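Number of protein chains: 2
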Amino acid sequence: MSSTPRIDKTVVADAIYGKWKKERLEGRKLAADPRFQTVVGQSMDEHRERVLEQLHLLVEANAIQRAFPTSLGGADNHGGNVAGFQELVFADPSMQIKSGVQWGLFGAAILHLGTEQHHQQWLPDVMSLKLPGAFAMTEIGHGSDVAAIGTTATYDAQAEEFVIHTPFRGAWKEFLGNAALHGQAAVVFAQLITQGVNHGVHAFFVPIRTPGGQMLDGIGSEDDGVKGGLNGIDNGRLHFTNVRIPRTNLLNRYGDVAPDGTYSSHIESPGRRFFTMIGTLVQGRVSLDGAAVNAMKGALAIAIRYGSERRQFAGPDGRDTVLLDYGQYQRRLLPRLAETYAMQFASHKLLETFDEVFSGANDTDENREDLETLSAALKPLSTWAALDTLQEAREATGGAGFMAKNRLTGWRHDLDIYVTFEGDNNVLLQLVGKRLLTEYAAQFKDGDVAAVAKVIAGQIGEGAARFGLRQMGQSIADLGRVSRSVDGVRDPETQQELLSDRVETMVAQVAMALREGTKGASKEDRAAKGAEAFSAQQAKLIEAARAHAELLQWEAFTEALEDFEGDTLTVMTWLRDLFGLGLIEKHLEWYLINGRLSGARAEAVTSYIDRLVGRIREHALDLTDAFELTPELLRAEIATGIEAERQQEAQAYVDAQIAAGTWPVHE
Amino acid sequence: MSSTPRIDKTVVADAIYGKWKKERLEGRKLAADPRFQTVVGQSMDEHRERVLEQLHLLVEANAIQRAFPTSLGGADNHGGNVAGFQELVFADPSMQIKSGVQWGLFGAAILHLGTEQHHQQWLPDVMSLKLPGAFAMTEIGHGSDVAAIGTTATYDAQAEEFVIHTPFRGAWKEFLGNAALHGQAAVVFAQLITQGVNHGVHAFFVPIRTPGGQMLDGIGSEDDGVKGGLNGIDNGRLHFTNVRIPRTNLLNRYGDVAPDGTYSSHIESPGRRFFTMIGTLVQGRVSLDGAAVNAMKGALAIAIRYGSERRQFAGPDGRDTVLLDYGQYQRRLLPRLAETYAMQFASHKLLETFDEVFSGANDTDENREDLETLSAALKPLSTWAALDTLQEAREATGGAGFMAKNRLTGWRHDLDIYVTFEGDNNVLLQLVGKRLLTEYAAQFKDGDVAAVAKVIAGQIGEGAARFGLRQMGQSIADLGRVSRSVDGVRDPETQQELLSDRVETMVAQVAMALREGTKGASKEDRAAKGAEAFSAQQAKLIEAARAHAELLQWEAFTEALEDFEGDTLTVMTWLRDLFGLGLIEKHLEWYLINGRLSGARAEAVTSYIDRLVGRIREHALDLTDAFELTPELLRAEIATGIEAERQQEAQAYVDAQIAAGTWPVHE
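Quick mapping for you: the protein sequence lines, in order, are chains S and X. Position one of the first sequence corresponds to residue 1 (the numbering used here), numbered consecutively onward. Position one of the second sequence corresponds to residue 1 (the numbering used here), numbered consecutively onward.
Please keep in mind that the hints were generated in silico from the structure rather than gathered at the bench. Since we're looking at a predicted model, the values are computed, not measured. Among these hints, one or two may not hold up.
[Claimed, not checked] In silico lysine-lysine, PhoX-like type, Cα no more than 20 angstroms apart, as pairs:
1) S:Lys349 <-> S:Lys21
2) X:Lys349 <-> X:Lys21
3) S:Lys22 <-> S:Lys9
4) S:Lys586 <-> S:Lys434
5) S:Lys9 <-> S:Lys19
6) S:Lys586 <-> X:Lys529
7) S:Lys586 <-> X:Lys540
8) X:Lys540 <-> X:Lys529
9) X:Lys586 <-> S:Lys540
Model the full structure from these sequences, guided by the hints.
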């Protein structure tokens, strides 16, 4: 024991908190307060009422004002706001997401898409929750493809009003929090039509209900009813039949209509305008990413604690073996612990970039591009990983893990939707993939490759070009320096080379396949051939985007190592290696097929992972202790030591029987 | 279109129903009856009451009597009973599992572990539900390791009674359906102690509650409360404080105690006796396996129907593209369709084996061994696949998939526990793995290898030797004939060789590693070294067991092809190839490392899968239609054609606007 390194848990904890520790601790203080916590077994109606009440309590606790302007009583603290929000997953994800709807979507849309007058007029009531609102973007007919929504806002110059209309069932706004019951207004996304021209999607402030709950004329609402999770939120549908709103209710930061109906915008290209407006909504993805990491921390804190106490099947000493001493159990949980750390550090980088952009401290095009790409790359991986980790923890804790009182299933139910809302994970990764391709093609002057860029642009619309990939460009510039004969697989340089080589090669392979697929096509056939070639490469492109995200996570973890020293650095380096080699092991077939690893070296990866897992086992509890998840935050009976108590009681009984000579012999 | 083959859906449907079509249709008729269906949004209390009532309705419908003796009004139809049961997943999994507790566990234990007098005394009331009961095997301290449970049944010869006792908290019976509210008796598993000797685990009939709901003296019950799913079942805990029952309440088929306290059994070895008693409970695994396959069928019928109608993002023709035409979407769903077919056919084989054994038609040791192994191999893979498929379907249908009215999340919540109850999946696979090892070692006379068998036996207890693996033995006999230079990867012989080679090689590798790990160990060290080596190999052994199960599924699918001809055979062969090559692709790194496939051939696997997926896309709807899941069984709004209707309405609106010249031009 004495020679085993031990981590400095406080130092690691600080790294886990990241830059906004204060706000995180404030968020955790709320989450530790029973008033903010889920009451298991409540009906949907009770849960909805409770969550509404909790939102009022958040206002009282001054917990939601941070992101708003100081002039309105806020703090202009964007990073801190999201950090605090991310901790609310420990209280109740329904409360978290409903507050996200109210302040992160409805309020943020007014803030970021509206202008001064809108801020003065509505934000105080939004902030105080006097004005609960919905964010009416998604339609039942168009989810991921926001640009194609069917709702129209047609300008009537005579009346100086917009007419909001959902002309068919597919245009109904759907799955909106606050729409079924509590919303009194909505930010409605609609095609702005004036003087017979459609200027694309814009956002409008539309009152929908009286404070007493009566729907306003021309507006209908339906309740989505019970969902797979998040049942504390009143999701519902909204439809509009020629509903008139004043011209000034257009949130006009990026596009405006003069009283006479003349449209104007300082962003000339409609595609770029659309992506700029949508880009302000990146906050949702950033928020979910960190919330997902928090759920992973919770899951592992529970499962590893239980696995350290629970015993099953007699070992060689006659006593039952501790679960975490089983090779399979270690293999199930410890790589996920490494992944959780990697995702935590990547999440911090994302949040810092977000804060730089939104605070204006470093609001450059380059940084905005990084933010877009990072969020589209990281949110899919962390939200999926959260579901997988919660499930693995559930299974690793057996029947106990299935009990609501042990938290795992509740989180899993609620977080299920995180993988498809605020951007469907596959669609987001595809976006990253297309940007990787665009950037790749831009490296070459060759006409054939430039043609690839055209095909891609055809698939993604005009906005594509705007979002370059600075970091990727950098990686691609390094192409060619990947050594094919590296000596080991353990050193970080090799890990990085293997991971980045894979991204680059996959992108290049997809680009070449697209080029082959469209080569020699006539002008008329070009679009169809391009679409066909793209569909054939789609799965690979998404895989390339995933590889890119994994590289970013690995780099974030590696960068974080700079903050550690001594034993802590040793253990954290093992953990980083476990993450890196785990990625390589996961994609071993790729490295083998593409000649990056020999069979022997591939096997060396697996055996080194086995050794790392064995070493880290001794630190598993320290590494989850460093999450500093108090009993009030975890609230899982099996993480309270109850299992160890039961084991001791049973052992004491047997010992006493043996001592008394009353223990029956076995047949 | 004319030259495209089409499957004969009726023929395929019959293959999907299998041998007990009649009973499956009877089960489906019940599931289509609203009285048996889940009411979304009910509270736990309401749901529990409803499910109890449903159980009474099942009795009335004569739906549960099949498995019981004809002398008691049953039909001695074991296969048909399980087949009908498996269809109830379409009604409500809570009802399904609660009926499984009452008749498949509580009743079946009396039937299979008890003798004539017990049958006469209790089964009529069990069958009529006059006597609801719990199956009290699992303890909070011992789940998977049933042999080590703490509850004791100590014989008092004076009173001719057994004293049932849970001496510490860890011995409390836990997670038992019917324990919290409705059970009036329980079959309690306890260590049978008489004349100072512990004869191992036996089952006892113990009354626990009055019909009015009062707990009997010395018996306590606690409610498990809300769970991650199956909330229509009253799971709970039971504890016993020196509760006395008559000697004759011992279910004495495999072991008995005479009035004077003398123990007797016709099975001499306590280990073998234990495994024989536990072996009668295989029915639960068989039942869950087919229920899981049914849930997969439901999930894919919903997601593929929706994916065939739903459109998103404009294609080259200007119209939005149908989801199922996207390469990634096909890759997500179609391999799962192939897997569902494979698992369905494997499930049929398992059920037939079960029926042969339980009907007595072919109750040989060999067949019992096959049954044990098959169920331990197949249940883990199908229950895991069900969760994955439900989740993929949920994500593929986006926000709609998250709505309770579309069924997917409800099934996923309920089926979550299927992967750890009736045998934790990893523990079951480990059992299969150990049997593979035992069988492997038995092939050799070599002392070193025989030593491996000893190590294994040490890890698994005396029962191990009993359960050989006939099929595996056969496979192992073929070892060596695997060609390393096969020409293609498409022909079934190659698929089979690749799949079986992997099982055999992995087992041999684990065996050799265990041998190395214990070589030269002193007698005292042997156990510790063996445990250490075993833990290091555990993950690989479980993977070998999984490979074995995959091979069995592949073989079942291939055997099923014999029933098809013409176009149907063509398409079903593609589907089998997709399954087989999908397995090989999943384990590509293994084939590459072990020199079974070159890089080029490995890539050929993937490109052939891509082609297969493209071909099968045209048959996806036919292949899910063949499940014959009527709207009453699916009850998912998005599988009713509502999406296509919305699309048509939207298109008609746009067309009319364009025709009228009122469609605004785009900026």
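Here is what the structure says about each hint:
At roughly 14 angstroms between alpha-carbon atoms, Lys349 of chain S and Lys21 of chain S fall within 20 angstroms of each other, so this suggested pair holds. This hinted pair checks out: Lys349 of chain X and Lys21 of chain X have alpha carbons roughly 14 angstroms apart, not beyond 20 angstroms. The straight-line distance between the Cα atoms of Lys22 of chain S and Lys9 of chain S is roughly 18 angstroms, inside the 20 angstroms bound, and the hint therefore holds. A threshold of 20 angstroms between alpha carbons decides the hint, and for Lys586 of chain S with Lys434 of chain S the separation of about 23 angstroms lies outside it, so the pair is violated.
Straight-line distance between C-alpha atoms of Lys9 of chain S and Lys19 of chain S comes to about 17 angstroms, which keeps the hinted pair within the 20 angstroms bound. With a CA separation close to 30 angstroms, the supplied pair Lys586 of chain S and Lys529 of chain X exceeds the 20 angstroms bound. With a C-alpha separation of about 15 angstroms, the suggested pairing of Lys586 of chain S with Lys540 of chain X holds against the 20 angstroms cut-off. Pair hint Lys540 of chain X plus Lys529 of chain X holds up; C-alpha atoms about 18 angstroms apart against a cutoff of 20 angstroms.
Restraint check: the Cα-Cα separation between Lys586 of chain X and Lys540 of chain S comes to about 15 angstroms, which is no more than 20 angstroms; the hinted pair holds.
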